[in-house]
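Chemist: Next come the chains, spelled out residue by residue.
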Amino acid sequence: MTALSRGARALFLLGAAVFFGLPLLWLLLAPTRTADDLTTGSPLGFGSLGNVGDAWSHLTSYNDGQITLWIGNSIIYAAASVAISLLLCVPAGYALAKHDFAGRRALLTLSIVTMILPPAALVLPLYLEMSALDLTGTVWSVILPLSFYPFGVYLAFLHFQANLPDSLLDAGRVDGASELRLFWSVAVPLARPAIALIAFFGFVRCWTDFFLPFVMLSDDRTFTLQLGLMSLLQSTGAVNNSSGFADLDIHQPEAALAGLVACAPLLIGFVLAQRFLRTGLLAGAEKG
Amino acid sequence: MKTLTTPRPPAAAAPAPVTPRRRRRPARRAAVWILVGPYTVFLVVFGLAPAGYALWTSFVDNGSFTGGHDWVTVLEDYRLGDAAANVATYLLLWLPILLLTVLSLAFTLHARPGRTTSALQLVYYLPGAVTGSAAALLWLFMVSPDSSPFSPLLKLLDVHSATEALSGGSVIAVLTVMGVAVHAGGWIVVLYGALNALPKDVLEAAQVDGASAWRTMWHIKLPMVRTYVAFVLISSFASGSQVFVEPSVLSTGAPGQISPTWSVNQLAYTYATQDGDFGKAAALSLAMLAVGVLAAWIVITRTRMYATDSSDSR
Amino acid sequence: MKRWRVASLATTAAAALVLSGCGGTGGGAGGGSGGGKGELLVWVDNTRMPAAQQYKKAHPDLKLRIVTIPPDAGYVPTKISLANRTKSGWPDVVFLANPAEAATLASEKFGYAAPLDDRVPQSVRDGFTPGALDTCTFGGKTYCLRNDIAPTVLWYDATLMKRYGYQVPKTWAEYQRTGLKAADEHPGTIVGAVNGKYGAGIYFGSSGCATRDTLSLTEVHIDLGQANCTRVADLLQPLARKKAVTTVVPIDPGFAKFGKGDKILMLPAPAWFGDFMFGPAFKVPGGRIAAAPMPTWPGESKPYAGQVGGGAFLVSTHAGERTKDAADLVRWMTTDVSLQAKQPTYPAFTAAAQKWGEAKSKDPYYASDPMPALIAAADALRPGFGAVRFEADWQSSFNDTLVKAVDSGGNLRNALASWQDKLEAAAKTTGYTVG
Chain A
1 MTALSRGARA LFLLGAAVFF GLPLLWLLLA PTRTADDLTT GSPLGFGSLG
51 NVGDAWSHLT SYNDGQITLW IGNSIIYAAA SVAISLLLCV PAGYALAKHD
101 FAGRRALLTL SIVTMILPPA ALVLPLYLEM SALDLTGTVW SVILPLSFYP
151 FGVYLAFLHF QANLPDSLLD AGRVDGASEL RLFWSVAVPL ARPAIALIAF
201 FGFVRCWTDF FLPFVMLSDD RTFTLQLGLM SLLQSTGAVN NSSGFADLDI
251 HQPEAALAGL VACAPLLIGF VLAQRFLRTG LLAGAEKG
Chain B
1001 MKTLTTPRPP AAAAPAPVTP RRRRRPARRA AVWILVGPYT VFLVVFGLAP
1051 AGYALWTSFV DNGSFTGGHD WVTVLEDYRL GDAAANVATY LLLWLPILLL
1101 TVLSLAFTLH ARPGRTTSAL QLVYYLPGAV TGSAAALLWL FMVSPDSSPF
1151 SPLLKLLDVH SATEALSGGS VIAVLTVMGV AVHAGGWIVV LYGALNALPK
1201 DVLEAAQVDG ASAWRTMWHI KLPMVRTYVA FVLISSFASG SQVFVEPSVL
1251 STGAPGQISP TWSVNQLAYT YATQDGDFGK AAALSLAMLA VGVLAAWIVI
1301 TRTRMYATDS SDSR
Chain C
2001 MKRWRVASLA TTAAAALVLS GCGGTGGGAG GGSGGGKGEL LVWVDNTRMP
2051 AAQQYKKAHP DLKLRIVTIP PDAGYVPTKI SLANRTKSGW PDVVFLANPA
2101 EAATLASEKF GYAAPLDDRV PQSVRDGFTP GALDTCTFGG KTYCLRNDIA
2151 PTVLWYDATL MKRYGYQVPK TWAEYQRTGL KAADEHPGTI VGAVNGKYGA
2201 GIYFGSSGCA TRDTLSLTEV HIDLGQANCT RVADLLQPLA RKKAVTTVVP
2251 IDPGFAKFGK GDKILMLPAP AWFGDFMFGP AFKVPGGRIA AAPMPTWPGE
2301 SKPYAGQVGG GAFLVSTHAG ERTKDAADLV RWMTTDVSLQ AKQPTYPAFT
2351 AAAQKWGEAK SKDPYYASDP MPALIAAADA LRPGFGAVRF EADWQSSFND
2401 TLVKAVDSGG NLRNALASWQ DKLEAAAKTT GYTVG
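Protein chains in written order, with our numbering: chain A, 1 to 288; chain B, 1001 to 1314; chain C, 2001 to 2435.
Note that these hints are calculated values from the structure, not bench results.
Owing to the predicted nature of the structure, the values given are computational and were not obtained by experimental measurement.
Worth double-checking, as some hints may not be accurate.
No more than 25 Å apart at the CA atoms, straight line, and that leaves these computed lysine-lysine pairs for DSS-like [stated by the list, open to error]: (1) C:Lys2057 - C:Lys2263; (2) C:Lys2242 - B:Lys1155; (3) C:Lys2422 - B:Lys1155; (4) B:Lys1155 - C:Lys2181; (5) B:Lys1155 - C:Lys2324; (6) C:Lys2170 - C:Lys2057; (7) C:Lys2170 - C:Lys2181; (8) B:Lys1155 - C:Lys2243; (9) C:Lys2404 - B:Lys1155.
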């Protein structure tokens, strides 16, 4: 590679980094600044760390610190959904990859179709269904639909198909192991990276999902963090001054801090999962 | 036939044929259904049932058959034309730019992987992590020439205020930029992962042959990851045609600027929630679902993207 | 093997749960109307929360469940629409941060808002600012009580007026002359903002232009060909050409540029701009802003005010035996003088507004007491500005036609015709016949 092309490459990557990075840099700096400074100061100015602490205490002044309740709710919803979806996805992906059975092809095709369908399209019918089961407003109305995660099944399917040699299973069969035992003690241990990936993608989905809890939940005590933040920021006029007149000191810096709190788990998860992500969705076990 | 050992396509519609070597025995069949049964139940209850219910709702109201009346009134709604035009324009702009951004960044990153690679991937992923009201605040400020870090660029484009950026024809430009920023990062990671999983010997052979970096990319790497590219394309088309979050986020930051029925999906949502008409909402949602499925179908069947590279090459 | 069984059992249990529909635990307002178990379910925004809690404390016998809702446009109709579909989960009392939604909630399709004529005595309703309940009234029935109103006044910068040697205009003709003069002598100065509800509600609303004159829940009068519409176009046309009115929406963060740069000479705007916009958003320093009544239109002696904002309470038709309690709560929330005197925006109840104004008069932020102008504005709400189901389209169609013309230097009278078309289409789609 010539020095010229190397330079061009670095320039391109850095330029893109500026484009993608600047918004978050702004968001990161915003809580250190005052609302006045945000609109009139220099775009990437730094205020003081003390302002961040103030901003947080302002945020917790809303409904007696309800924001911490919402964080807890979000963790419960996400943890339960991810756990159930793993229990569903991994065995199903394994069976689809390693067994032939009637309906296999239909199951796989339907999974792919539902995977491509944007979730927003099914939310309203899901609401009616949940209502028929008398579950709207409960934690289940959010957890159960989110536990259905066809993308996870597909990832597991691809992983087992590519990385679990039949010979290994056949050897186990010769030893007299039952099919379920083979899954649990041969397939699952080999699939750890894939399971971690499915968990990460599933977590991102559950944590950021807005539409489903928005439709299902009506009581602010059951809100997720995303939903609660909308309520908090709109009623205090933090995003736009005309939306609410609550007598709380919640303005743009507080809104930015709230946004950072909401996206922090994703970024931490991303860094943790990068180990697996880097080697591809299929964890590249073929070469390992 | 080295290419056969590359990772399997992430969206192979036609499942790889399973060789008949597996005998079906009752015990094994029971085991299979224990493994796959719970998921199947969820698939039916949370995937198929809602879709079926939507179809039912679009034809039946309060137990009486409306005979497609909902479908007709939806098609006659004056808002549908505008919304469809908006979504089409958005797709025309956003999809190519997104694909180009994802491809160029993933390939450039992969041309010389280094220590900064994962850090850069994280940076590219950042905008996608900011959601909801915080995103409304973020993007409102990003398009405000007086307080945005991009103000030199905005001034160059002759944008004087956020109002201007969010009204008329420029809304679509803002949405495109926002859509690329939010969605590109995840796909870059996926594509980079796919590139990384390519067999090293093929790439090394190309280098020995003296192929330029450009030629290697165009003639060797790209064909090998084409399935991933197609997957990015289908998924993005599906999500882009259903665009809902971005315009509604922008309008919470600046109410009254962007029509609440800007996109087709927003219109469907408006039917259900503001007009109280679930039949029309269901009809329009289903029509949009059909568009997504049809597009996927065309890409899957008409291109030979998913001509299966046998899964039994081990 | 055992571990496997546990895992599988958990999955099948979860699936069985779905199928059988049991396990409906957890907090929630599902099932039947109201909060269930005879609870009175009340939805208010965060600003109204302390008041609702105060009511709860004062009525220890009443089972009351208070839920905070976001003040987002469309939130309440969304939730009520879903509740209607499943015939459960309706709140008994709800606060509307966007009172136009009353038109949706009272409509036959929603059937949610209960008429309050028999529940709230005439004497109480008469205590509201004249015309304040118009947005709650359809076909002669009152479906909601206004919490606060947002009459427009002519806000101006007293310091700039003095510095430039101008007089505060009393008529719209004077307003136009002053605006043009200011644009000539002090380039960049603005005397108004024309965008969305801020343009349509302030100028067209105060002129009495029939953009949303609701005759009933199913009939609306829209006629932009009348003189009270064309005179607004004629007023704005030269001001737009000279850029004396801006099309930047006041909630744009960039509007602070005008405030910071001493460019806001006048701004006809709702009452709440005084406390919530000039200082916090536009960064205009204290001691400068003052309020005057809106300018008068030709041939009129009264300075009619438009409206942008305000809130309302309504009671559910599904409240059943809780209706009496619900109505009592709504009456108290909107008319209790000491409670209303403390709320952030201009109370709709006349007696409360006076008390509310006592503090406002002494507010050092203002160059002079804004209350006389605010009271005058509240007493002169222009009739014919009703709650409509096409509120969002009313705003966006205004931007697509009039604002676009202002931006591009087009003819505003011509733009009125296309606004008329869009308004009619929006009205018909939402179930109105246009008269």
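Chemist: Does C:Lys2404 pair with B:Lys1155 here, judged by a C-alpha cut-off of 25 Å?
Modeler: OK: C:Lys2404 and B:Lys1155 at ~21 Å, within 25 Å.
Chemist: Below or equal to 25 Å on CA atoms is what counts here, so check C:Lys2170 against C:Lys2057.
Modeler: 48 Å, violated
Chemist: Hinted pair, alpha-carbon criterion (25 Å max): B:Lys1155, C:Lys2324. Please report holds or violated.
Modeler: Outside the cut-off at roughly 59 Å; violated.
Chemist: Sort out whether C:Lys2181 lies within 25 Å of C:Lys2170, counting only the CA atoms.
Modeler: Holds, at roughly 16 Å.
Chemist: Has the given pair, B:Lys1155 with C:Lys2243, been kept, meaning a C-alpha gap of at most 25 Å?
Modeler: OK: B:Lys1155 and C:Lys2243 at ~19 Å, within 25 Å.
Chemist: Quick one, are C:Lys2422 and B:Lys1155 close enough, alpha carbons at most 25 Å?
Modeler: Distance of about 33 Å is beyond 25 Å: violated.
Chemist: Check the hint pairing C:Lys2057 with C:Lys2263 against an upper bound of 25 Å on the C-alpha distance.
Modeler: Between C:Lys2057 and C:Lys2263 the Cα gap is close to 48 Å, so the pair fails against 25 Å, i.e. violated.
Chemist: Starting from C:Lys2242, check that the Cα of B:Lys1155 is at most 25 Å away, please.
Modeler: 22 Å, holds
Chemist: Taking only the CA atoms, is the gap from B:Lys1155 to C:Lys2181 under or equal to 25 Å?
Modeler: 29 Å, violated
Checked against the numbered hints listed earlier, the structure breaks hints 1, 3, 4, 5 and 6; every other hint is satisfied.
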